[in-house]
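Student: Taken in sequence, the protein lines are chains A and B. Residues 1 to 258 in the numbering used here are what the first sequence spells out, letter by letter. Residues 1001 to 1339 in the numbering used here are what the second sequence spells out, letter by letter.
Misleading hints may appear alongside valid ones.
Claimed, not checked - Distance ranges between label pairs, derived from CB positions: (1) B/Gly1135 / A/Phe17: 53 to 59 Å; (2) B/Pro1281 / A/Val115: 53 to 59 Å; (3) B/Phe1133 / A/Tyr14: 19 to 25 Å.
Said to hold, decoys possible - According to the in silico footprint, chain B covers these stretches of chain A (three or more CB under 8 Å from chain B): (4) 39–47; (5) 51–58; (6) 105–118; (7) 149–163.
Said to hold, decoys possible - Far from chain B, some chain A residues (derived; all Cβ distances over 12 Å): (8) Gln67; (9) Asp79; (10) Gly88; (11) Ala131.
Hints are computed from structural coordinates only; laboratory data are not their basis. Note that CB positions come from ideal geometry on N, CA and C, so glycine has one too.
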Amino acid sequence: MAKRIDVSNVDIYYGAFHAVQDVSMTVEPRTVTAFIGPSGCGKSTLLRTLNRMHEVIPGAHVKGRVQLDGTDLYGAGVDPVAVRRVVGMVFQRPNPFPSMSIYDNVAAGLRLNGVKNKGVLNEAVERSLVAANLWNEVKDRLGKAGIGLSGGQQQRLCIARAIAVEPQVLLMDEPCSALDPISTLAIEDLIGELKEQFTVVIVTHNMQQAARVSDQTAFFNLAAQGKPGKLIEIGSTETIFSNPTQKATEDYITGRFG
Amino acid sequence: MSTRSPVPQVTSHPARPRPAAPQPTGHGVQLAEISQAGDRTFRFLAGGSGVLIIALVAFVGIFLLALALPSLLQDRDNFLFSRSWTVVGDELRFGIAGLLWTTVLSSVVAMIIAVPVAIGVALFLTQYLPRRFSGPLSFVIDLLAAVPSIIFGLWGLTVLGPFLRPVGLWVSGHLGFIPLFRAEIDPSSSVFVASVVLAIMILPIITAISRDVFTQTPRDQIEAALALGATRWEVIRSAVLPYGRSGVVSASMLGLGRALGETVAVLIILSQAAPGSAFTPSIFAGGETFASKIANNASEFDTPSKTGAFIAAGLVLFVVTFVVNALARIVATRGTARS
């Protein structure tokens, strides 16, 4: 189920604005890769190009190649909708569909894929909620509204919704930044379990979090406000946090800036 | 810790001469009452405005009831179920059944036409059209709302009526076995044409409000749907429409309110049924609505009992719009409470 991501020489633009410059990296299957760096360095933008979500903004375009197991996501004839069914995403703020029950939220992606069979849906909803460590808390109230849950539960519901369609890759854009420490811990534990099945890429502002959950860390920086963000350094999390080769990485990790 | 630590400076602070306290109590902290005159004035103005609105509505209701009651008491027919309208002479025989049917029928048909179109236009403007085109097009739709109803009436009578005549003939020719579509009069001045004109008249208000609600769909809801691999239509279905549901209901009810009360356009278009003719539910019949009936006769209010009969009809219109609004609120709040 997990796939490998190859990013080669990617430049990202919003209209005339050059947001991210010349990024190349490889993300191995069944690993967690963390993107860290100061605000505006393009880490979220890069994350969103991995499932073509940045295209929602008018004028956004990408040069270079993003490949999923060798298939170019930006190749001719590739439908962004199809890309997003393979590369799932969890957002900064929990965003369950407010008009849907817990069950319907998890089933939403499957229903988009045309799954109508009750048995298949029931099985997928339970499996996803179990995988998101939410099943025991909600199994008696699946028909209740998703937004009635706490913030941390809502975020796990969103993770369940994302993994219900069995994506190849799971992107997480600061998934804990709106959560309290206990919910954050629950999500971090969950990420550790998810990587057994999925390739996970996570953007985080919390460096301890990056150190705790990821196998590989990429540090992004920008020369100045308005300049494009760049990938400064990527390597195993252990190396980046203990023995970075770049001065900027070390400064950022030790809290001297950013 | 360096020697330039701020701590010694703080400890040296009491050594400075302290400014004289303005009051003997406390340490110079003034906790006297702050003037709340502005607060009080505003509360009075806001509260007063609220009371005024309620009083106005109550006053209109009481006025209608007070003037209608004497005529209602003299009515020899059942006011709610009779279709006759004899309001001159010694014996009053009048009822609102025919008026109520024509009013409700024309408005409901107008809604059936206008609401789907309005939702479609609003979705097109907000979800499909690039912003630089949607602005001017929205403006044109808003302009439609500014066209006076007399213009719509004239246009409906002279242009739309004849234009829709073949449509009416075709529908009544093929579906005429259903009483609702039975051909009763020339279709160019029927309830059907009045409904189409009403639909055009209420289209802008429903479109404008729906458009505003749809543009406010939270970005994270749209992204949630997109990230699951939703197509544009699926985004609309799973994020935009659920979010806008109660707003669209409110918009439709505003439109319905306007359709129920519309006077001049209906008066011009609709041909009146001959007095004493049998009741027909058809949309290809003539008739009168509450508003057009009252407007048609307002110049001949010579006796209090006659005036009272028409005011009684107006009272029913007042109650109907009230009920419609109340229902709309229940529907709209149930939509949000469920979520």
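Student: Next, verify each hint and record whether it holds.
Tutor: A quick look at each hint next to the structure:
1. B/Gly1135 / A/Phe17: 53 to 59 Å: Violated, at about 23 Å.
2. B/Pro1281 / A/Val115: 53 to 59 Å: Given a distance of about 45 Å, which is not inside 53 to 59 Å, the answer is violated.
3. B/Phe1133 / A/Tyr14: 19 to 25 Å: 21 Å, holds
4. 39–47: violated (count 0)
5. 51–58: holds (count 4)
6. 105–118: holds (count 4)
7. 149–163: Contact hint for the region 149–163 of chain A vs chain B: holds, 3 residues under 8 Å.
8. Gln67: 19 Å, holds
9. Asp79: A/Asp79 is in fact no farther than 12 Å from some Cβ atom of chain B, at 9 Å.
10. Gly88: 7 Å, violated
11. Ala131: Label holds. Min Cβ-Cβ 16 Å, cutoff 12 Å.
In terms of the numbered hints stated before, the structure departs from hints 1, 2, 4, 9 and 10, listed from lowest to highest.
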